[in-house]
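**Student:** Chain by chain, the residues run as shown.
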Amino acid sequence: MSWAGWLRLIVVTGAVLLLEVLCRAGVIAKTVLPAPSVMAGDLYRLLASGAASADIGETLGNVAMAVIASILLGFVAGVAIHAMPRVRRALDPFLATYYAVPFFVFYPVLIVIFGLGAAPIVVIGTLFGVVAMLINTLNGLDRIPRVLLKTARVHGMDPVRTALMVKLPSAAPFLFTGAKLAIAYCFIGVIAAEFIMSSSGIGYSIAYAFNNFDNARMYALMLFIIVLVTVLNAVLFTWERRIMQRRRR
Amino acid sequence: MKANVAAKRDLHEEAGANPAPAVHAELKGVSRIYGVPGQGGVHALGPVDLTLRQGEFFSVVGPSGCGKSTLLDVLSGLSVPTEGSVSFEGKPVAGKVPDGVGVVFQEDATFPWLTVWDNIAFGLRRAGVDPAEIERRVDYAVGFVGLKDFAKAYPVQLSGGMRQRVCIARTLVMRPRLILLDEPFGALDAQTRLIMGDELLKLWRETGATVMLITHALDEAAMLSDRIGVMSSRPGRIIEEIETGWSRERDSRIASEDSFGQITARLWRLLREESLKAAGLAGGGS
Ligand SMILES: Nc1ncnc2c1ncn2[C@@H]1O[C@H](COP(=O)(O)OP(=O)(O)O)[C@@H](O)[C@H]1O
Ligand SMILES: [Mg+2]
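So the protein lines, in turn, are chains A and B. For the record, in the first sequence the residue sitting at position 197 is 207 according to our numbering, with numbers rising by one throughout. For the record, in the second sequence the residue sitting at position 234 is 342 according to our numbering, with numbers rising by one throughout.
Hints are supplied without guarantee of correctness; some may be wrong.
What the hints assert, rightly or not - Below, a list of computed lysine to aspartate or glutamate pairs in the DMTMM-like style, where the Cα atoms sit at most 20 angstroms apart:
| hint | chain 1 | residue 1 | chain 2 | residue 2 |
| --- | --- | --- | --- | --- |
| 1 | B | LYS204 | B | GLU191 |
| 2 | B | LYS256 | B | ASP306 |
| 3 | A | LYS160 | B | ASP216 |
| 4 | B | LYS136 | B | GLU348 |
| 5 | A | LYS190 | A | GLU250 |
| 6 | B | LYS310 | B | ASP334 |
| 7 | A | LYS177 | B | ASP216 |
| 8 | A | LYS160 | B | GLU215 |
| 9 | A | LYS177 | B | ASP226 |
| 10 | B | LYS260 | B | GLU241 |
| 11 | A | LYS160 | B | ASP207 |
| 12 | A | LYS177 | B | GLU215 |
| 13 | A | LYS160 | B | ASP226 |
In case anyone wonders, no lab produced these hints; they're calculated from the structure. No experiment lies behind these values; they were computed from the predicted model shown.
Could you put together the complete structure from these sequences and hints?
**Tutor:** Following this line, the structure appears as structure tokens:
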């Protein structure tokens, strides 16, 4: 591991240990925050009992659907918009300010349109993820070196082959970054949407536990989300770095 | 002449006996204007009349921005001329790169996601060449450009000069009959340029291909070419064609001959005025 890697590990471990000590010593009240070891124990029991399985499954399902929709729609829209420079110029300001829009203000509208099931949740998740994918698709297509396209023409490649064998691999690192961001944003969108507009899922369970003063369950679920997202991002980050190392000039 | 050009390539040993060298590629009254003529369009090239003879080594020199790369684009069929016509082996070139034309670009054109070996095999695979034949040709080419130890490396692990050699090998395995190179050694130091120049001469002799080399290095043009076309400042026209008279078996040692100095001096005189014009310093005394 690198020096920075060790430092990171030390900082994180130190913070957790400090929290543990402060909680055990009673500096932080049990009612405010249980000790990390207690949280971990609660989480273990919660997972082992299967009491949260349905909610976890539902949330992961919603995230998966939002991720797939975001990546597909973002990619297709990115390719289409890239092919239409005038449309792109018109859309540019919207894309640039997109993440400044608080989508949750639309939640009454979404519920009216899609009802109370999973649909509005997936829609919110997709709204969060899709533009990250779209912007990175545009970026990737912009950065295809013109000389590679000329090379394709020298080899007599038709537009379809050029797209598949030159444009796609050339843009791949950016598409990967877009997909990685879309996954992170979909988690945020889905869990936040579950908080306010759902009657199931992890987000809902956390809100429910909070309203019922069930600290053990609330913190266990929060820990679960944080660990899950951290592990997922670490895996994607490592994978991305491995791709980039082979590629970037 | 049209029908037997391909056959003639295999017989190029005997081609020396041919008194009137065949026309291999030809530009007639070619101009290229980028954008809309008159309304802020850039007149980059021409009008140019140019004939490349079968099997010759032709170099193009000219001040930067005079339209050399544009000339290559138009000749290869990558770009359609605004006026005039281009032909290769007797057939018109129109918006498509003809079979038998290979191009090495000024910029790094390696595919960063492919290994050196796969980069070089790229064109052969597209052309559907038999795998055993691909292996044979690529292995030979990897050795020819001195990258045997780097066959499995990715472009990111190579220097600029090595990447340019990958591009040269990728072009060479296609066995082009006309090779166009756009300042391929631009990024290299003087010693490496000399070595690469000799390698290029060797390649030219071994393949019998016609070569058009664009360069801004006058000594390189003088050393490598049978004939040199000197271009004016933009819009680039060919203002002079110089025959060097070198034998086919030449290498960089001719740089010590008297006539080498004379050719270089002549190129320098022709280009000095054009370069001053290109830099906006026209008529800057003599
Ligand atoms: N695609 C293009 N669109 C507009 N102008 C161009 C384009 N390509 C080249 N030019 C212009 O045409 C002129 C000749 O360019 P180029 O052929 O690249 O010159 P050289 O290779 O001799 O340096 C330059 O002034 C350049 O700015
Ligand atoms: Mg150029």
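**Student:** Next, verify each hint and record whether it holds.
**Tutor:** Going through the hints against the structure:
no.: 1; hint: B:LYS204 x B:GLU191; result: holds (17 angstroms)
no.: 2; hint: B:LYS256 x B:ASP306; result: holds (19 angstroms)
no.: 3; hint: A:LYS160 x B:ASP216; result: holds (12 angstroms)
no.: 4; hint: B:LYS136 x B:GLU348; result: holds (16 angstroms)
no.: 5; hint: A:LYS190 x A:GLU250; result: holds (9 angstroms)
no.: 6; hint: B:LYS310 x B:ASP334; result: holds (14 angstroms)
no.: 7; hint: A:LYS177 x B:ASP216; result: holds (16 angstroms)
no.: 8; hint: A:LYS160 x B:GLU215; result: holds (11 angstroms)
no.: 9; hint: A:LYS177 x B:ASP226; result: holds (17 angstroms)
no.: 10; hint: B:LYS260 x B:GLU241; result: holds (19 angstroms)
no.: 11; hint: A:LYS160 x B:ASP207; result: holds (15 angstroms)
no.: 12; hint: A:LYS177 x B:GLU215; result: holds (17 angstroms)
no.: 13; hint: A:LYS160 x B:ASP226; result: holds (18 angstroms)
Every hint from the earlier list agrees with this structure, and none is contradicted.
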